[in-house]
Amino acid sequence: MLLLSATWVQAQDQPSKWAVRGYLKAMTTFLPAPNLDTLLTDHLIHHRLNVRWFPTDELTVVGELRTRVFYGDFYRGTPSYLENAADVYNDYLDLSVNIIDRQGMGVHSYLDRLYAEYVKDNWEIRAGRQRINWGQNLAWNPNDVFVAYSFFDFDYEERPGSDAVRVKYYTGISGSVEIASNVADTLANYVAA
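If you count the sequence shown from 1, position 82 lands on 335 in my numbering, and the numbers rise without skipping.
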């Protein structure tokens, strides 16, 4: 028993190479329909799973999955509801899948973060689907040049990612120089800053 306890304590001294977190939330919408003399309802269950792997001190691999379950009157009454909801945030790579699309219910999963990050000395290099945001504003974010979003999309706190490469060099305690470029198949969809 003492040997087992000593081994367990020793294993706890080593930092974990994995970090897993997430959340689950539910939202319901009610809409009175006076002409129909009824109350329409729609439901959204939102699940988030964030996984980080630390294979070395310099390298981190991140995968973050967003899964949504839609059901209710709006879903049932709109034939292409899931298709429209699914394709909104895909960038160069299609990292989404419609798991269930039946009358009255749909399930959609989307990898909105999937990147590798290398940090050494003053350098930080990140490649893959990531969130690039150089500032914030109250209503619309003009600094989010890679994936502009609506302030009214309040149920997606993480915001969508962009398939991109970002390189950052820290020049001092509070200064840095950063460049980023997305991956695009047409010049009209290409962004570099």
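Derived from the structure by calculation, the hints contain no laboratory data.
C-beta atoms are modelled at their ideal positions from N, C-alpha and C, and glycine is treated no differently.
Any given hint might turn out to be false.
Said to hold, decoys possible - Distance ranges between label pairs, derived from CB positions: (1) A437 / F327: 39 to 45 Å; (2) E377 / N337: 25 to 31 Å; (3) N337 / F283: 20 to 26 Å; (4) T282 / A446: 22 to 28 Å; (5) F283 / P308: 43 to 49 Å; (6) Q356 / G425: 56 to 62 Å; (7) W376 / L277: 35 to 41 Å.
Outcome of the hint check:
For the pair A437 and F327, the beta carbons lie near 33 Å from each other, so the given range of 39 to 45 Å is not met. Here the CB-CB span from E377 to N337 is close to 36 Å, at odds with the stated 25 to 31 Å. Separation of N337 from F283 is about 21 Å and conforms to the stated range, judged on CB atoms against 20 to 26 Å. Checked against the hint of 22 to 28 Å, the C-beta distance between T282 and A446 comes to roughly 37 Å, which is inconsistent with it.
At about 48 Å, the beta-carbon gap between F283 and P308 stays in the expected band of 43 to 49 Å. A C-beta distance of roughly 60 Å is found between Q356 and G425, which places it inside the suggested range of 56 to 62 Å. Look at W376 against L277: about 37 Å separates their beta carbons, and that is inside 35 to 41 Å.
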